[in-house]
Amino acid sequence: MQKEFILKTDQDTKKLGQKIGELIDSSFCIFLNGDLGSGKTTFTQGLAIGLDIPKEYYITSPTYSIINEYPGKLNLYHIDLYRIEDALELDSIGIDEIMYRDDAVIAVEWPGILDKNYAYPHDLKIEFSLTHGNTRKISIFSSGRKGTNLLEKLLL
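Under numbering that gives the first Met the number 0, the first residue of the sequence shown carries the number 0, and numbering increases by one thereafter.
Hints listed in this document are in silico derivations from the structure and should not be mistaken for laboratory results. One or more hints might be untrue.
[To be verified] In silico lysine-lysine, DSSO-like type, Cα no more than 30 Å apart, as pairs:
no.	residue 1	residue 2
1	Lys72	Lys136
2	Lys54	Lys7
3	Lys14	Lys152
4	Lys18	Lys72
5	Lys18	Lys54
Take the sequences, apply the hints, and build the full model.
Written out as structure tokens, the structure reads:
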């Protein structure tokens, strides 16, 4: 299943993330693809709101730390693989321990290296692209029953 959104502001992008976070009630994995500045971290900020991450945790891109963890109704693991050049580096950051957690929501920016080298399951894949007039096109693709169920609820 697929759904597309055209969003005009950062706040709209956060609201979409928040709505998805509110609908998540068990472990869940989201792959986030898009160019720099296309809204991946902004979306994750909204996701954190929907997951009841306390406001004192400011959600930033983990470009240099690679993984940020935030406590909420389910822990949020925000992973940024932009700087990972070799699949062997994934082992050193403990990717297996995170990707197979059954008590967390995982948001992975730049998941290409996972797609190429591993078969990690994901429930949603979200493609972000900037369009004319500074709007964003966000395409959401479900994978598996959990992702499809969430996307169906999102459409209501």
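Hint by hint, here is what the structure shows:
{"no.": "1", "hint": "Lys72 to Lys136", "verdict": "holds (29 Å)"}
{"no.": "2", "hint": "Lys54 to Lys7", "verdict": "holds (24 Å)"}
{"no.": "3", "hint": "Lys14 to Lys152", "verdict": "holds (15 Å)"}
{"no.": "4", "hint": "Lys18 to Lys72", "verdict": "holds (14 Å)"}
{"no.": "5", "hint": "Lys18 to Lys54", "verdict": "holds (17 Å)"}
Violated hints are absent here; each numbered hint is respected by the structure.
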